[in-house]
Amino acid sequence: MTRTEARLGRGRVLILTTCLVILAAVCGREAWGYVEAQRFHRLVEAIAARGEPTNEYRARERPPGGDTGTAAPHAARHYAAAAELLIRRPEWNTAVLAGLRAAHDGTLGDTETRGHIAAFAVENADALRLVRDARTLPFHGFRLPRRFRFSPDITLSYLLPAAAMARVAAGDGDGALAHVGDLIGLLRTTASEGSFGMIYPGRSLEQAVVLTGLTLRLAPPSSAALAELDTLLTPAAEMDTMARSFQIDRALFIDQVWQHLRTGRSLTDDNWAVSFAQSPWLHHRINGGLERFNLLVAAARTPWSERLEALDAAARRVPRIETTPLRRGLLRNLERLLDSGHHQSAARHAARQAIMARVLRTVVAIELYRRLEQTLPDDLADLGDPARVADPLAASPLQYRREQDGYVVYGVGANGQDDGGDLGVLTNPHAIGWWIPPDDAPDWGLRVRLPDAAPTQ
Amino acid sequence: MMTDDEQGTDALIEARLRRYRPAAPPADLRRRIVPPVAPRWLWATAALLALTTVGLSWATSRVELRTAEILGDGVPAASLPGGPTDDLVTGGERE
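Chains as they are written, first to last, in this note's numbering: chain E, 1 to 457; chain X, 1 to 95.
It is worth saying that the hints were derived from the structure and are not from the lab.
From the three backbone atoms N, C-alpha and C, an ideal C-beta is built for every residue, glycine too.
Mixed in with the good hints, there may be bad ones.
Which residues of chain X face chain E? A partial, calculated answer using Cβ under 10 angstroms [as the list claims (entries may be wrong)]:
#1 Pro-39
#2 Thr-45
#3 Leu-48
#4 Leu-49
#5 Thr-52
#6 Ala-59
#7 Thr-60
#8 Thr-67
Ranges between beta-carbon positions, derived for each pair [what the hints assert, rightly or not]:
#9 E:Asn-271 / X:Arg-40: 37 to 47 angstroms
#10 X:Arg-66 / E:Gly-384: 54 to 64 angstroms
#11 E:Ala-24 / X:Arg-66: 26 to 36 angstroms
#12 E:Ser-340 / X:Arg-66: 29 to 39 angstroms
#13 E:Thr-234 / X:Arg-66: 39 to 49 angstroms
#14 E:Arg-3 / X:Arg-18: 29 to 39 angstroms
When you get a sec, could you build the whole thing from the sequences and use the hints?
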């Protein structure tokens with residue numbers, strides 16, 4: 001029996017010791033919380049010092065003159081206004097579907113279809129004009145009223161193909177290519193709105209590829225219109241938006257976490273006692289997530305040839321399928337996002353977009369060459385500027401192969417090596433005679449069947 | 001002068017008292033006299049821990065205030081009344 005025990009009695013000593021241990025634990029929790037708060041502060045400070053967004057809503061830069069009706073015009077306002085016009089016309093998507101079906105079935109030239117989708121273009125002339133005007137304006141990011149359930153660019157990515165098809169149906173190839181240009185401008189300016197937008201299928205450049213093929217086949221445009229499309233597709237005009245997208249993701253992460261920290265809401269779905277006890281541990285995980293986001297942003301800035309490997313290295317963890325029952329809570333959702341391989345897949349999508357843009361540009365150049373020389377070039381060097389045909393993912397130029405009924409232009413796929421132009425199983429041959437490889441194809445490119453060639457499939 | 005009876009009674013009482021009052025003082029006599037108060041070192045430790053806890057909590061709140069200066073209030077501007085409308089169609093009318 002110790003002296004204290006002798007003095008106080010065993011029961012009292014036990015109670016006092018327990019109180020002391022609890023007090024020490026609370027003190028330790030505060031100390032750890034302080035360290036993690038400092039770490040969070042330093043991370044946020046470093047991001048802000050680099051001039052990168054730390055708040056998703058602030059990231060959407062306020063345009064000169066504010067947000068009211070007197071603000072200087074900027075592309076986001078025009079896109080939002082055009083989408084708003086479409087939202088108010090609930091019947092608009094039936095025309096889009098009719099156009100898509102006609103393009104797929106090869107019946108775009110039918111009188112009935114033509115009338116249907118031509119009327120659509122007339123009805124939506126105001127929205128189309130807004131989108132056309134937006135091409136020359138700066139984009140400040142969307143700051144949207146709550147009534148927008150979808151980002152306007154998603155709505156417009158239906159409008160513009162339909163408008164292009166309407167032009168094709170009317171025999172106006174130049175007008176159709178101008179709408180394709182609008183679509184490319186839209187895709188490029190709005191791709192910086194976060195990585196979820198990057199992987200949205202409707203925002204894919206392949207829409208522009210198909211529409212260009214459709215136009216060349218059914219309503220041949222003038223060489224001037226093709227040259228303008230070529231200008232839009234220059235690598236200089238290509239905005240490298242991946243790092244910016246990841247920064248927006250990170251800003252969203254910080255924003256959500258910060259609102260939870262400020263309001264004292266739990267980051268998990270545990271009860272308040274568990275949340276209180278483990279909050280430093282949760283802050284520790286938040287800071288870890290933020291550091292991983294920093295690595296992803298840094299990797300997204302490396303040159304294309306190293307970027308996919310750098311992103312894989314930054315993600316560190318192998319994407320896994322969760323076998324345990326899903327647990328809710330903000331932090332778990334955020335960690336699931338980081339662990340899911342989402343950013344790697346977004347990067348692969350962006351890499352494919354970069355390759356497809358160069359492939360489309362090369363195909364446009366080949367079509368221009370074919371108009372002048374009445375034959376296909378023997379080699380891509382015949383097209384002039386070698387920089388035009390550089391493969392972004394490889395040190396080599398794009399590859400070109402003549403075939404019996406057309407030609408293939410391709411670059412290396414996600415595996416970074418030339419697989420001899422293996423575009424995979426072409427499961428979706430379009431009526432236009434242009435074949436686009438699936439995402440998992442060994443090489444990415446385009447197979448073009450010439451209009452005057454005998455059908456082989 | 002006491003009678004024998006009286007002397008005998010006193011002796012009896014003495015003997016009985018002696019029987020119930022041990023000669024040596026009890027072992028826990030000190031405990032009976034000193035009130036059961038925890039030792040000073042224990043009070044000091046508890047006070048130190050409590051002060052440290054309060055201090056750390058205050059320091060954390062200061063750090064969070066500095067973070068708030070960088071991050072702002074984080075309220076989405078679009079959800080505030082009179083926030084941005086970005087609306088060419090309705091000329092700024094909000095639903």
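Exercise for the section: If any of the earlier hints don't hold here, list their numbers in rising order. Expected result: none
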